[in-house]
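J.: Start from the sequences, fold in the hints, and give me the full structure.
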Amino acid sequence: MAFLAPLAPTIVAVAILMLLTVGVLRTARTPSFLAPALAILRGAAQLALISLVLGGIITDPLWVTAALLVMFTVAAVTATRRLIWSWPRFLVVAGTMAAGIVVTLAVVFGTGAVALEPRYALAVGGIVIGNCMTIAVLAGHRFYEAVREQWDQVEGWLALGATARRATLTQARYAVHTALVPSTDQTKTTGLVTLPGAFVGAIFGGASPLEAGRFQVVVLASIMAAGAITAVALIRALGAVKVRPL
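In this note's numbering, each number is its position in the sequence shown, counted from 1, plus 207.
Hints were generated in silico from the structure; no laboratory data involved.
These figures come from a predicted structure and were not determined experimentally.
Do not rely on the hints blindly, as some may be mistaken.
Each computed EDC-like pair below joins lysine to aspartate or glutamate, with the alpha-carbon atoms no more than 16 Å apart [said to hold, decoys possible]:
# : residue 1 : residue 2
1 : 449       : 356
2 : 449       : 362
3 : 449       : 359
4 : 449       : 352
Label-pair distances were calculated between CB atoms; the ranges are [stated by the list, open to error]:
# : residue 1 : residue 2 : range
5 : 216       : 309       : 57 to 65 Å
6 : 298       : 318       : 28 to 36 Å
7 : 348       : 216       : 36 to 44 Å
8 : 231       : 365       : 42 to 50 Å
All residues carry an ideal CB built from backbone N, CA and C; glycine is no exception.
T.: Structure follows, in structure tokens:
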């Protein structure tokens, strides 16, 4: 048990924060008030496992590629479930996410902005994949929500002979904009409101503040580009709505 001694403060802090989260949500009678705490436990277990695994593969290109593929698959499945699961929808979500991720990483590593090394590929790829998942969920949710709320307008366009995609064009554009708002705000306030994880991680890894800042700028630009491609491609693929979404 001695190996747990250095982790004691972390375990205590996380336990207190979990209890605080559950207590606040339960007091407010929020549905699924245990969900955030369970998510923390699951995240901790997954991080512990991935830390052990990555310790042995982080310098191996093949294993890093396999790890990125697993991350991408889990992200695509998670995003699709949030948008109501179906295999056709999974293919759409995965395809649009892949487009944003591949194009972005090709630019980042192709220009030499970040060295094409396994550890950097894993770091940048993981960040971009995670953000694309979030943006895909936000875009899809907001699109279907807007179509439901404004169905009279959409139905009016359809009655006038407009194509299904043209009938939902306004809702599609708004959904893309809304999905990118969190990433846009994060980018605008970087260094003023928060220090992003990539920057802090680079500092902890021994990089100079200037080098860490350069790396973070590349990461932020990657998130925006990949997110924009993913959101636009996804909403374009989902845009041909002829029946009011449930």
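J.: Indicate, hint by hint, whether the structure satisfies it.
T.: Against the structure, the hints:
Simply put, residue 449 and residue 356 have alpha-carbon atoms about 15 Å apart, close enough for the 16 Å limit, and the pair holds. With a C-alpha separation of about 8 Å, the suggested pairing of residue 449 with residue 362 holds against the 16 Å cut-off. A distance of roughly 12 Å separates the Cα atoms of residue 449 and residue 359; the hinted pair therefore holds under the 16 Å criterion. Simply put, residue 449 and residue 352 have alpha-carbon atoms about 15 Å apart, close enough for the 16 Å limit, and the pair holds.
The given range of 57 to 65 Å is broken by residue 216 and residue 309, whose C-beta atoms sit roughly 41 Å from each other. At roughly 30 Å, the beta-carbon separation of residue 298 and residue 318 lies within the given 28 to 36 Å, and the hint holds. The hinted window of 36 to 44 Å between residue 348 and residue 216 holds, with their beta carbons roughly 38 Å apart. Between residue 231 and residue 365, the C-beta spacing of about 45 Å keeps the proposed range 42 to 50 Å intact.
Checked against the numbered hints listed earlier, the structure breaks hint 5 alone; every other hint is satisfied.
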